[in-house]
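Asker: For the record, the sequence lines run as chains A and B. According to the numbering used here, the residues represented by the first sequence are 1 to 112, in order. According to the numbering used here, the residues represented by the second sequence are 113 to 230, in order.
Just so you know, the hints here were simulated from the structure itself, not pulled from any lab data. Built from N, CA and C at the ideal position, the CB exists for glycine as well. All the pointers check out, no bait thrown in.
BS3-like cross-link-like pairs, simulated, lysine-lysine; straight-line CA separation at most 30 Å:
1. A:Lys104 with B:Lys121
2. A:Lys54 with A:Lys104
3. A:Lys54 with A:Lys69
4. A:Lys104 with B:Lys126
5. B:Lys121 with A:Lys107
6. A:Lys52 with A:Lys107
7. A:Lys52 with A:Lys104
8. A:Lys52 with A:Lys3
9. A:Lys3 with A:Lys104
If we take Cβ atoms under 10 Å as the criterion, some of the chain A residues that face chain B in the derived model are:
10. Thr34
11. Tyr36
12. Gln38
13. Arg45
14. Phe46
15. Val85
16. Tyr87
17. Ser96
18. Gly98
19. Asn99
20. Leu100
21. Phe102
22. Lys104
23. Gly105
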Amino acid sequence: LAKTTQPISMDSYEGQEVNITCSHNNIATNDYITWYQQFPSQGPRFIIQGYKTKVTNEVASLFIPADRKSSTLSLPRVSLSDTAVYYCLGLPSRGSQGNLIFGKGTKLSVKP
Amino acid sequence: NAGVTQTPKFQVLKTGQSMTLQCAQDMNHEYMSWYRQDPGMGLRLIHYSVGAGITDQGEVPNGYNVSRSTTEDFPLRLLSAAPSQTSVYFCASSYSGVTGGESTDTQYFGPGTRLTVL
Chain A
1 LAKTTQPISM DSYEGQEVNI TCSHNNIATN DYITWYQQFP SQGPRFIIQG
51 YKTKVTNEVA SLFIPADRKS STLSLPRVSL SDTAVYYCLG LPSRGSQGNL
101 IFGKGTKLSV KP
Chain B
113 NAGVTQTPKF QVLKTGQSMT LQCAQDMNHE YMSWYRQDPG MGLRLIHYSV
163 GAGITDQGEV PNGYNVSRST TEDFPLRLLS AAPSQTSVYF CASSYSGVTG
213 GESTDTQYFG PGTRLTVL
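With the rest of the complex left out, here is chain B (with noise of 0.2 Å):
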């Protein structure tokens, strides 16, 4: 399995272009998030799914739209990049489940996205 996949690992964007970071696993998991790294802010929650066709907003879903039509891919798009959006890009996917009364919920997170917007 190659678990979480992302492309690109770097970009640099001008103020207003768009683009669509990818995300993809091959662990047959429903759930999948994306979440922005600054310095010093830690991980933010960006939007998340909890199945194909069904998405949701996290922390700080401003200025960025998913679909989820595969169980396999979320590509997260930017629809007007700003420099506020500089970040660190980490794709996750996971599975919750229940075994003996204990939660196994575990993220296995891609390598990231090293986004610049000038």
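So here's chain A without its partners, still in its complex pose (with noise of 0.2 Å):
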């Protein structure tokens, strides 16, 4: 599974476009790019997830350019509610069996 690296915290304020930037130099052709988000007490939760290009949903969306080397991970005007720990995880395309290895994170602060 692809190494990252993303900043270990990040400030905010209320209604700002967030953008979380993840660099996995060494993802290997079948990787895809995925994001997790846990709240305080409680355990993390898939967001989103893509390969190259753009994806959208309704809680974020994910920019990976031609090279993969990096991803950006961008929250929409963020609310105080989006405060959390985020996750990038490169995941090879038949899935992990169970045994995601999860970094430190970057830990978002929003403020009013």
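Taking the hints as your guide, dock the two standalone chains into a single complex.
Answerer: Below you can see the structure in the form of structure tokens.
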């Protein structure tokens, strides 16, 4: 599974757009970029996944450039409830077998 | 569906005691995992299972045992608790598949068990 690097923490204010960049220089051809979100005192939850270009859902957008060595999770107009830790992972195309390796993630703090 | 359930929610042990953390899922997922989370350390994989009767070690398996006799249950056993095992433990289950060439791996996490070893 690809090794990923993210900022340890980020601060933002309500209503702003937040972009969290993840570096994955050694990503394999078959790896998909996957992001999880973890609120305090809860387990992580899947939010978005992509292979290249752009993916958007009701929660976030994910931008992956052509070289796939990095990706950016974009959260539009954040609110206080978006305060959480965000994890970036690289998963092979066949999926993991329950053995996901999470890094320390990016702790996002949204202030009023 | 109840999803992934864990019991107990809180537990305090004395050093040397043993106990079992329970985990169950009702989604018929083949894969199940145990993670521990310590402050500033993110999530670390302890053990995982790819199906009934099959388990494997993760990043930090020492001091823990697992077994998978059924698809639904994946208990984690602490053989002789140590203060270093004070942590929050999360169980997760997933079905990994490929749809249209895209990975559909999504792990579903339980609410966690907060364990303190004195």
